[in-house]
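Student: Listed here are the chains, written in short residue letters.
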Amino acid sequence: MTRSVSFLLLGLLALSAALALPLVSDSRFLTLFLTQLAVMVTFAMSYNVLLGQTGLLSFGHAVYFGGGVFAALYLITAIGGGALALPLEFIPLGGALAGLAMAAVLGLVSVRRAGTTFAMISLGMAELITAAAMVFPSVFGGEQGVSTDRMVDVTLTGLGYGRPSEIYLLVLVWALVSVALMVFLSRSPLGRMANAVRDNPQRVEFLGYDPYWIRFLQFCIAGTFAGLAGSLFALTFEIANAEVFGLRTSANVLIATYLGGITYVLGPVVGAFVVLLLELNLARITDAWLFYYGLLFLAIILFAPRGLTGILAELPGALRRHGAAGCLRRALVWGPAVLSGLVGGVMLVELSYHLSNSFDPSDPLRLFWRDVDATNWGVWALALGACALSAALVLRARRGGRRPEVVVTPLVEEGS
Amino acid sequence: MMTASGPALSIRDLHKDFGAAQIIRGISLDVREGSFHAVIGPNGAGKSTFFNLISGRFAPTSGKILLGDTQISGMRPYRINRLGLSRSFQITNIFNEMSVFENIRCALMWPGRAGYCFWRRASGYRRIGAEAERLIEEIGLSARAGEKAGNLSYAEQRALEVGMTIAGDARVLLFDEPTAGMNHNEVEQFSGFLRKVAVGRTVMMVEHDMNVVFSLADRVSVLVYGQIIATGTPEEIRQDPAVREAYLGAEA
Ligand SMILES: Nc1ncnc2c1ncn2[C@@H]1O[C@H](COP(=O)(O)OP(=O)(O)OP(=O)(O)O)[C@@H](O)[C@H]1O
Ligand SMILES: [Mg+2]
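Protein chains in written order, with the numbering used here: chain A, 1 to 416; chain B, 1 to 252.
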């Protein structure tokens, strides 16, 4: 009870912040960030309908997102040209329908089996659709893509949607509705049985349910909201090319969802937030951002399979079990080890990147607020020293028998 | 519909081969409506395979299975289940990541007519929720209702397995070694529970514990090497010389 209350409060807080921020600051960056966040959250939540709720690992969820993107682009143009008398606010319904239609067709062959078979089929579908989209430049616009103009005359609210803050409001409303609907669906009989199919599809068959049909319906729900997210993307950027169907988009949503934590209904929200933050900020700080992104993903898989939400959710329990003093002791033992490892690792990565990528390797490199010379062996020695220190500290901490508080619990069981 | 006098299950000349291996070699058996029918036999005799054929996990190589008047051989398990046959597994087969309550509720969804509904909340089905709580109480897991099924002790998981099987209104229940791995006290308690569950239903049970078999069953079949060599009352089976030789011999 208290947990759901605190969740609710947290949600309300985040929501009011999301609403208020673009109003108090007219930073375009912030508004765009929050708009993209709303799109990403919807997309990641829809992905988790498959992965977390039904145990279906898809490598091709971008297909349904892309379907929504292009459906929306053409619909917006149709409204703008006067061919369609639909208020702009209802564009996401078109995206959702496109996603649903694609999922209903492709789902028939996809969900026959779970596990590896499903994953491979989803990969094949993604490749197929991307290739097909490339072959029809008249529809998907080839390299430059398809663009549209969302400033149409037909709107419900009278807003022009020319300003970023106006489109942000529209996207936010649809994202919130989608998240609420997906949470609701996860609590319906279908949603509960989807969890059962995830855990043990064979047993479900002996309880009167056809796992195939459950997977299929869940697949359609996921496709619907992916299409809706795609239409929000189209409303935000007004342009896209066939690359949105591609593996990059699919991998991104997988990583965001997993980072957030697939066992929590709202885990993908956390994941989308972190991924977007990294994408937008880390990329400005360092060229090696993708490398760190990959490292973070690996670290989560290895040490915290319940994701960032899992870490947050475990904190109060760990505090209760070990007491404040116990937790502090652990932090003191493990903190320096992790910190020196991070510093050494980042130095090594940055130095290597600088050496191999910069025009003149002896140009000064800005590293931890100081200019250093990457051709000087001294910094390398320092970096290696930090790594060695970290290794030594880890070994010592392990001998002390204090392993970090990592909860490794088996996750999704993938059967057929 | 079923006639009052006909058997609940009738099996005719059932065969199952796995590749070249003939595991079930011509079983014919009638299970009377309302009876408690035990199936005994040595390890590897094909008892679990027999249950797997009846419940639809495997399709028979040949032969017929009738549930009431309905021919069910070769049907998918969920269809057979909807016709009123429910089973438990020798190796515990539950939903590990879900709570005890959720496990039981899932077993009650279809009988409770929730179907594939996605436009209502599962907790809105009051009758299903209340029945789940009652059933959890009955299998003695009330204190553990919120615990993840994967965290339960072995005995608790066995109880949950049986709870999921008896959930709903199946007329025919199959139990595959429900007491496997239980200690003496637990077995004692558990057979009392089974006796209660069986009232008004037809039960088939594979069981190695002869005390349980002879105290609960009103019919016993002996399955040896894919064939039923004898069927009768517990007393008849105890006296049967062929059975004593083939199976009980070691104990007698
Ligand atoms: N899917 C299968 N494929 C091949 N052989 C199988 C399969 N299932 C069972 N068998 C074989 O069928 C025989 C009977 O197995 P079954 O599990 O039915 O025996 P059982 O009477 O239940 O034994 P126990 O008392 O040990 O549970 C065994 O030799 C087993 O190896
Ligand atoms: Mg067996």
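It is worth saying that the hints were derived from the structure and are not from the lab. Treat the numbers as computed from the prediction; the structure is a model and nothing was measured. Careful, some of the hints might be misleading.
Stated by the list, open to error - Only part of the chain A face toward chain B is listed, based on derived beta-carbon distances under 10 Å: (1) LEU84; (2) ALA85; (3) ARG198; (4) VAL379; (5) TRP380; (6) LEU395; (7) ALA397.
As the list claims (entries may be wrong) - Simulated restraints on C-beta separations: (8) B:ARG126 <-> A:MET151: 32 to 40 Å; (9) A:VAL109 <-> B:SER62: 25 to 33 Å; (10) A:LEU181 <-> B:ASN151: 41 to 49 Å; (11) A:PRO316 <-> B:LYS64: 45 to 53 Å; (12) B:GLY192 <-> A:LEU302: 43 to 51 Å; (13) A:ALA324 <-> B:GLY44: 54 to 62 Å; (14) A:ILE301 <-> B:ALA155: 48 to 56 Å; (15) A:VAL109 <-> B:ARG126: 35 to 43 Å; (16) A:VAL183 <-> B:SER142: 42 to 50 Å; (17) A:PHE291 <-> B:PHE193: 36 to 44 Å; (18) A:ASP363 <-> B:ASN151: 38 to 46 Å; (19) B:GLN71 <-> A:ILE301: 46 to 54 Å; (20) A:VAL139 <-> B:LYS64: 53 to 61 Å; (21) A:ALA14 <-> B:GLY200: 51 to 59 Å.
To be verified - Computed list of chain A residues with no C-beta within reach of chain B, every gap over 10 Å: (22) THR117; (23) GLY191; (24) ALA196; (25) ASP199; (26) TRP377.
We treat Cβ as the ideally placed atom computed from N, Cα and C, and that holds for glycine.
Student: Run every hint past the structure and note whether it holds.
Tutor: Quick rundown of the hints versus the structure:
no.	hint	verdict
1	LEU84	violated (29 Å)
2	ALA85	violated (29 Å)
3	ARG198	holds (7 Å)
4	VAL379	violated (48 Å)
5	TRP380	violated (47 Å)
6	LEU395	violated (33 Å)
7	ALA397	violated (28 Å)
8	B:ARG126 <-> A:MET151: 32 to 40 Å	violated (51 Å)
9	A:VAL109 <-> B:SER62: 25 to 33 Å	holds (32 Å)
10	A:LEU181 <-> B:ASN151: 41 to 49 Å	violated (32 Å)
11	A:PRO316 <-> B:LYS64: 45 to 53 Å	violated (59 Å)
12	B:GLY192 <-> A:LEU302: 43 to 51 Å	holds (49 Å)
13	A:ALA324 <-> B:GLY44: 54 to 62 Å	holds (58 Å)
14	A:ILE301 <-> B:ALA155: 48 to 56 Å	violated (34 Å)
15	A:VAL109 <-> B:ARG126: 35 to 43 Å	holds (39 Å)
16	A:VAL183 <-> B:SER142: 42 to 50 Å	violated (28 Å)
17	A:PHE291 <-> B:PHE193: 36 to 44 Å	violated (59 Å)
18	A:ASP363 <-> B:ASN151: 38 to 46 Å	violated (57 Å)
19	B:GLN71 <-> A:ILE301: 46 to 54 Å	holds (49 Å)
20	A:VAL139 <-> B:LYS64: 53 to 61 Å	holds (55 Å)
21	A:ALA14 <-> B:GLY200: 51 to 59 Å	holds (54 Å)
22	THR117	holds (19 Å)
23	GLY191	violated (7 Å)
24	ALA196	violated (5 Å)
25	ASP199	violated (4 Å)
26	TRP377	holds (52 Å)
Violated hints for the displayed structure, listed by number in ascending order: 1, 2, 4, 5, 6, 7, 8, 10, 11, 14, 16, 17, 18, 23, 24, 25.
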